[in-house]
Amino acid sequence: MAMIAFEHVGKRYGGRFEALADLNFTIERGEMVFLTGHSGAGKSSVLRLLTCLERPTRGKLSVGGHDLGRLPVSQIPYYRRQIGVVYQDHQLLFDRSVFDNVALPLTIRGVMPEDARRRVRAALDKIGLLHRENALPIELSGGEQQRVGIARAVVNKPALLMADEPTGNLDPQLSADIMRLFEDFNRIGTTVLIASHDLALIARLRHRVLRLREGRLIGDEEAA
Amino acid sequence: MNLPSRRGARRHQLGVESRARAWRRHHLRMAVDSARRLRERPLASLMTMLAIAVALMLPAILWLVLSSASLLDRNLDDSAQMTLYLSPQLSESRAMEIADRVGGMAGVDATRLITAAAGLQEFQQRLGTGDTLALLDDNPLPATVVVQPSSRNPEQVQALAEQLDGLEGVERARLDMAWLERLRQLAELGQRLVIALGVLFACGVLLVVGNTVRLAVESRRREIEVVTLVGATHAFVRRPFLYSGAWYGLGGGLMALVLLFAGRQWLSAPIDALARSFGTHYTLPALGLGGSAFLLCCGTLLGLMGAWLAVDRHLAGIRPR
Numbered sequence: 014m015a016m017i018a019f020e021h022v023g024k025r026y027g028g029r030f031e032a033l034a035d036l037n038f039t040i041e042r043g044e045m046v047f048l049t050g051h052s053g054a055g056k057s058s059v060l061r062l063l064t065c066l067e068r069p070t071r072g073k074l075s076v077g078g079h080d081l082g083r084l085p086v087s088q089i090p091y092y093r094r095q096i097g098v099v100y101q102d103h104q105l106l107f108d109r110s111v112f113d114n115v116a117l118p119l120t121i122r123g124v125m126p127e128d129a130r131r132r133v134r135a136a137l138d139k140i141g142l143l144h145r146e147n148a149l150p151i152e153l154s155g156g157e158q159q160r161v162g163i164a165r166a167v168v169n170k171p172a173l174l175m176a177d178e179p180t181g182n183l184d185p186q187l188s189a190d191i192m193r194l195f196e197d198f199n200r201i202g203t204t205v206l207i208a209s210h211d212l213a214l215i216a217r218l219r220h221r222v223l224r225l226r227e228g229r230l231i232g233d234e235e236a237a
Numbered sequence: 084m085n086l087p088s089r090r091g092a093r094r095h096q097l098g099v100e101s102r103a104r105a106w107r108r109h110h111l112r113m114a115v116d117s118a119r120r121l122r123e124r125p126l127a128s129l130m131t132m133l134a135i136a137v138a139l140m141l142p143a144i145l146w147l148v149l150s151s152a153s154l155l156d157r158n159l160d161d162s163a164q165m166t167l168y169l170s171p172q173l174s175e176s177r178a179m180e181i182a183d184r185v186g187g188m189a190g191v192d193a194t195r196l197i198t199a200a201a202g203l204q205e206f207q208q209r210l211g212t213g214d215t216l217a218l219l220d221d222n223p224l225p226a227t228v229v230v231q232p233s234s235r236n237p238e239q240v241q242a243l244a245e246q247l248d249g250l251e252g253v254e255r256a257r258l259d260m261a262w263l264e265r266l267r268q269l270a271e272l273g274q275r276l277v278i279a280l281g282v283l284f285a286c287g288v289l290l291v292v293g294n295t296v297r298l299a300v301e302s303r304r305r306e307i308e309v310v311t312l313v314g315a316t317h318a319f320v321r322r323p324f325l326y327s328g329a330w331y332g333l334g335g336g337l338m339a340l341v342l343l344f345a346g347r348q349w350l351s352a353p354i355d356a357l358a359r360s361f362g363t364h365y366t367l368p369a370l371g372l373g374g375s376a377f378l379l380c381c382g383t384l385l386g387l388m389g390a391w392l393a394v395d396r397h398l399a400g401i402r403p404r
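Residue numbers (the numbering used here), protein chains in the order written: chain A, 14 to 237; chain B, 84 to 404.
I should point out that these hints are in silico values taken from the structure, not numbers from a laboratory. Model, not experiment: these values are computed from the prediction. Hints are not guaranteed to be accurate.
[Claimed, not checked] Part of the chain B face toward chain A, derived, beta carbon under 7 angstroms:
id : residue
1  : ARG124
2  : PHE319
3  : ARG402
4  : PRO403
[Unchecked claim] Which stretches of chain A does chain B cover? Using the computed rule of at least three CB atoms under 8 angstroms from a CB of chain B, they are:
id : region
5  : 62-72
6  : 188-196
The beta carbon of each residue, even a glycine, is placed where N, CA and C say it ideally should be.
Just need the whole structure built from these sequences, with the hints factored in.
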């Protein structure tokens, strides 16, 4: 069964503007896929549907066998606990330490503190920021904040990891580092979906690429 | 990837027991954390609590006034008793006979005979003049029997009065029903006023807490957004705010108790003096242990509800569209 399946999915805003139109594609478990297109092509809308921030106005969208269009509101939190999302603007809490930010999904799930500490340390170690665990996010550089966001997304060991422009404002070297992190997670079986308009970087990485334009899928290139 | 079934959600991956422990831990942390947040802005928190205290105090004061009136009411309830004026020329032994007989009748609790002589003496005392009445040749007062009916029901008392009125040797049975009726209606009015005021001021507390918590929600909007993104349930988001609401309510309730106590102390000296000048004794009513606990419970519950309303309005706005 596919991890993500879009079947004739459409999304309209305010009954007029059509952000997504008749979107059809599937992403299998364990795949690593880039979603690309100009700004306004619908990348963010796709991610907003996948994180259940919005519902499709047409068609059926399922993730891991769950029909997100019909997922009861009370079940949305439990769905979100099973996916990891890296946001473009990081979505970190600036009044809490790096450690507490990464521990947030575990705190919400009620993981015991000892267990949580071990898992947060492991995630921070993976992104190379273990030595900054007591820092506040504001003391970190943009690239470091992005990595904290990644650590928070993977601390729950999600089966599906999504990222929205994870290399948005980073220099090429840092961008490549971040992408390598995603590849590492993909190598251990995590399905990875990355929305990005950094075409040069994407071309170098040789993964499947989905191209969007004006809310429609105009290209689906398999990994070279 | 499998979503837990609706009920089984909590059991997913983590044991029930460790979930319960985590839940308790989170509650404790939120209780302490929200109290700390209140303490960080002491003036604002105290102002909110004071507003709640005033809203709780007003119905409490009215209730106290009424309950002290109902103490009076119990005394005045004795006006349900009736007075039998016996025929003027009756001998004392005959009067005693009548009093005994009435005392043995159904529907009568007790009787008290006031002989003509005793009545005159009492009258003299009340007037405070020893001489005026001494000018009279005969005692103009009849012997009276004060009857205490066992029933307080106006109709039954009325029926008893009619029955006693026809008794031999009884000139007239007097019963002031109108006064009794008026008093009852006043008490009813007072009770309804307390309820109406209680409801009105409860709404006031809800609004005060609701508005304060709404501002707190507003200032932590980002935090709510982030925790919701990583899978926080509504209950999780609501929890810290519910605790602040409860703390506000409890604090307001405590303040109301302190203010009521202080007010009572402040008023008791002049009222004591006033009562003494009338030759009576009067103590201001107090809430007591039960009443105080009730006031605190009301405050806490209203705080909780106000917070709930405020948070839910915010949460309803962040559902997926």
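Comparing the hints with the structure gives:
1. At a threshold of 7 angstroms, the smallest CB-CB gap from ARG124/B to chain A is about 15 angstroms, leaving the interface hint violated.
2. Hint status for PHE319/B: holds, given a least beta-carbon distance of 6 angstroms to chain A, under 7 angstroms.
3. At a threshold of 7 angstroms, the smallest CB-CB gap from ARG402/B to chain A is about 6 angstroms, leaving the interface hint in force.
4. Proximity of PRO403/B to chain A holds as hinted, the smallest CB-CB distance being about 5 angstroms (cut-off 7 angstroms).
5. Coverage of a stretch by a chain is defined here by at least three residues with a beta carbon nearer than 8 angstroms to that chain's beta carbons; for the region 62-72 of chain A and chain B the count is 5, and the condition holds.
6. Figure legend: the region 188-196 of chain A, annotated as covered by chain B; annotation inconsistent (0 residues with Cβ-Cβ distances under 8 angstroms, at least 3 required).
Hints 1 and 6, counting from the list given before, are not met by this structure.
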